[in-house]
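Undergrad: Chain by chain, the residues:
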Amino acid sequence: MATTDTVVEHEVHDDKELWSGAKRPFKASYGKLMMWYFLLSDAFTFAGFLIAYGALRFSSPTWPVPDFVFKTHPFGDSELPLIFVTVMSFLLIISSVTMVRGVQEGARNNVKGVVFWMLLTILGGIGFLSCQAWEWTNLIATEHMTVTRNPFGTHLESGVYLNEDGSESDEVFEAGASYLIHKAGGHGHGDDHGGGHGEDAHGGDNHGDGHGTDSHESDATAPGDYKGHVVDAQGFLHRKYKVTDGPDAGMVKSESFGPKAFGALFFFITGFHGFHVFSGVVFLFIIMVNAASGLYVDRNNGHEMVEKIGLYWHFVDLVWVFVFLVFYLL
Amino acid sequence: MGHLSYEESIKKVYQGLILLGVVTLIEVGLSLFGKGYIVSGVEDYRAVIYIVGLGLIVLSLYKAYFIIYEFMHMRYEVKGLALSVLLPTLLLIWAIIAFFQEGDSWKDRRDQIQEKDAEPVDAQQGMLPDDVYRLDDLG
Chain Z
89 MATTDTVVEH EVHDDKELWS GAKRPFKASY GKLMMWYFLL SDAFTFAGFL
139 IAYGALRFSS PTWPVPDFVF KTHPFGDSEL PLIFVTVMSF LLIISSVTMV
189 RGVQEGARNN VKGVVFWMLL TILGGIGFLS CQAWEWTNLI ATEHMTVTRN
239 PFGTHLESGV YLNEDGSESD EVFEAGASYL IHKAGGHGHG DDHGGGHGED
289 AHGGDNHGDG HGTDSHESDA TAPGDYKGHV VDAQGFLHRK YKVTDGPDAG
339 MVKSESFGPK AFGALFFFIT GFHGFHVFSG VVFLFIIMVN AASGLYVDRN
389 NGHEMVEKIG LYWHFVDLVW VFVFLVFYLL
Chain U
22 MGHLSYEESI KKVYQGLILL GVVTLIEVGL SLFGKGYIVS GVEDYRAVIY
72 IVGLGLIVLS LYKAYFIIYE FMHMRYEVKG LALSVLLPTL LLIWAIIAFF
122 QEGDSWKDRR DQIQEKDAEP VDAQQGMLPD DVYRLDDLG
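In order, the protein sequence lines correspond to chains Z and U. Under the working numbering, think of the first position of the first sequence as 89, with each following residue one higher. Under the working numbering, think of the first position of the second sequence as 22, with each following residue one higher.
Calculated directly from the structure, the hints in this document are not laboratory data. Every residue gets a Cβ at the ideal spot worked out from N, C-alpha and C, and that includes glycine. Be aware that one or more of the hints could be misleading.
As the list claims (entries may be wrong) - Some chain Z residues judged to face chain U by a derived CB distance under 8 Å, without partners named:
1) Phe-146
2) Pro-149
3) Asp-155
4) Leu-168
5) Thr-174
6) Met-176
7) Ser-184
8) Thr-358
9) Gly-359
To be verified - Subject to a maximum C-alpha distance of 25 Å in a straight line, what follows is the list of computed DSS-like cross-link-like pairs (lysine-lysine):
10) Z:Lys-115 <-> U:Lys-100
11) U:Lys-137 <-> Z:Lys-396
12) Z:Lys-348 <-> U:Lys-128
13) U:Lys-137 <-> Z:Lys-120
14) Z:Lys-396 <-> U:Lys-33
15) Z:Lys-271 <-> Z:Lys-348
16) Z:Lys-341 <-> U:Lys-128
17) U:Lys-100 <-> Z:Lys-111
18) Z:Lys-396 <-> Z:Lys-200
19) U:Lys-33 <-> Z:Lys-200
20) Z:Lys-341 <-> U:Lys-137
21) U:Lys-100 <-> Z:Lys-396
22) U:Lys-32 <-> Z:Lys-200
23) Z:Lys-120 <-> U:Lys-100
24) Z:Lys-348 <-> U:Lys-33
25) Z:Lys-348 <-> Z:Lys-159
Claimed, not checked - Covered by chain Z, per the in silico footprint, the following chain U stretches (three or more residues, Cβ under 8 Å):
26) 33 to 43
27) 90 to 98
Modelling step: build the complete structure from the supplied sequences, incorporating the hints.
TA: Next comes the structure, spelled out in structure tokens:
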């Protein structure tokens with residue numbers, strides 16, 4: 089009689105008196121169900137951000153083309169569109185898989201396995217954060233994008249760039265071509281091509297040496313209005329061009345900044361996701377240390393804590409699927 | 022882990038890794054194709070842009086389904102739990118339609134304002150509407 093009593097008592101104390109109603113709603117533990125509902129609310133937060141991105145992108149006549157903005161990477165000088173973010177995606181996918189392995193070993197109470205796979209998961213998360221740090225540093229320090237300034241513009245009309253003496257160059261572009269506005273006197277100072285890189289600019293990119301090189305022949309880098317370009321008060325060099333089609337054909341214009349919202353949306357949304365990855369890494373570390381100490385073996389619930397942090401970690405991967413879609417692929 | 026044996030579920034995890042990796046590579050390839058990197062010139066056709074966009078969205082939703090159902094084990098939970106988490110996200114369908122349409126109308130309004138700004142201003146008329154008579158007109 090005495091033994092049965094203790095068994096019953098033990099079952100009741102397990103899982104907070106079975107939610108005080110002697111029954112587990114949805115046959116799930118309290119912690120796991122609440123993790124699901126937290127993730128649901130977090131999904132709405134991210135959805136709100138991404139829908140704001142979509143609404144502002146729809147409201148703008150132009151939008152920075154992702155394969156033009158995100159083509160830099162730390163592996164060399166050549167430009168490979170989207171390759172770096174694909175590497176970041178793979179880091180998250182792989183760390184998601186190692187997390188599943190950790191949960192599986194936890195269910196078998198294999199402490200060594202749990203710690204090993206969680207350690208790999210943490211390394212994947214740190215790798216992702218490092219990549220993001222490089223991406224942000226490049227955007228902020230090299231390309232001068234901020235929350236309120238977007239130097240990635242798109243031409244609305246076809247046209248031809250002007251030389252420094254105000255005559256037409258052989259650098260023609262079509263409507264929809266992207267450009268990056270550099271700081272005057274900063275980028276590409278070393279190369280001296282003079283003119284003659286029209287083939288670079290044709291149909292699209294004139295990033296890098298296509299851009300800015302011939303502007304640096306003169307020392308016209310102080311703020312002011314020059315024949316071939318305009319330097320604004322912040323020191324950004326806007327090249328001048330002559331429009332060749334549409335109602336404004338024949339007019340001379342200078343490159344304008346791209347839609348302002350792009351910088352704010354990019355930094356806030358990828359930053360909020362990066363913050364989730366960071367806090368995920370912190371919690372993974374704490375739970376890994378607890379698991380190593382044997383704490384979850386004593387709880388005798390198949391390492392449920394590892395399962396819960398696993399849910400959170402997969403959610404971070406899930407959000408990245410959509411951030412990847414709207415920022416980089418579409 | 023549900024009904025699967027330990028070895029089976031490990032195999033399934035690595036199959037999932039390959040599946041997600043392949044789908045991601047297809048997505049990147051499709052996106053670059055849509056931008057004209059693989060076959061130049063296709064980016065000028067609106068139909069290509071729409072089909073590529075739709076394909077990317079479908080593939081991403083498939084990845085999301087796979088992560089939730091396999092990696093997060095939603096497949097092995099009680100049906101009520103799955104519904105209580107997944108059904109509320111259907112509200113987002115309304116939000117996406119409403120806000121994207123609103124964004125589109127901001128663009129139309131922006132174009133209208135630019136057209137109005139470009140109209141020549143008649144200094145004589147000032148701010149008065151056409152059917153208002155001024156004293157000096159009446160003599």
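Undergrad: If a hint holds in the structure, say so; if it doesn't, say that too.
TA: These are the hints, each one checked on the structure:
no. : hint                    : result
1   : Phe-146                 : holds, 3 Å
2   : Pro-149                 : holds, 6 Å
3   : Asp-155                 : holds, 5 Å
4   : Leu-168                 : violated, 10 Å
5   : Thr-174                 : holds, 5 Å
6   : Met-176                 : violated, 11 Å
7   : Ser-184                 : holds, 6 Å
8   : Thr-358                 : violated, 16 Å
9   : Gly-359                 : violated, 21 Å
10  : Z:Lys-115 <-> U:Lys-100 : holds, 10 Å
11  : U:Lys-137 <-> Z:Lys-396 : violated, 57 Å
12  : Z:Lys-348 <-> U:Lys-128 : holds, 15 Å
13  : U:Lys-137 <-> Z:Lys-120 : violated, 58 Å
14  : Z:Lys-396 <-> U:Lys-33  : holds, 20 Å
15  : Z:Lys-271 <-> Z:Lys-348 : holds, 17 Å
16  : Z:Lys-341 <-> U:Lys-128 : holds, 22 Å
17  : U:Lys-100 <-> Z:Lys-111 : holds, 17 Å
18  : Z:Lys-396 <-> Z:Lys-200 : holds, 19 Å
19  : U:Lys-33 <-> Z:Lys-200  : holds, 21 Å
20  : Z:Lys-341 <-> U:Lys-137 : holds, 21 Å
21  : U:Lys-100 <-> Z:Lys-396 : holds, 19 Å
22  : U:Lys-32 <-> Z:Lys-200  : holds, 20 Å
23  : Z:Lys-120 <-> U:Lys-100 : holds, 15 Å
24  : Z:Lys-348 <-> U:Lys-33  : violated, 45 Å
25  : Z:Lys-348 <-> Z:Lys-159 : holds, 20 Å
26  : 33 to 43                : holds (count 6)
27  : 90 to 98                : holds (count 3)
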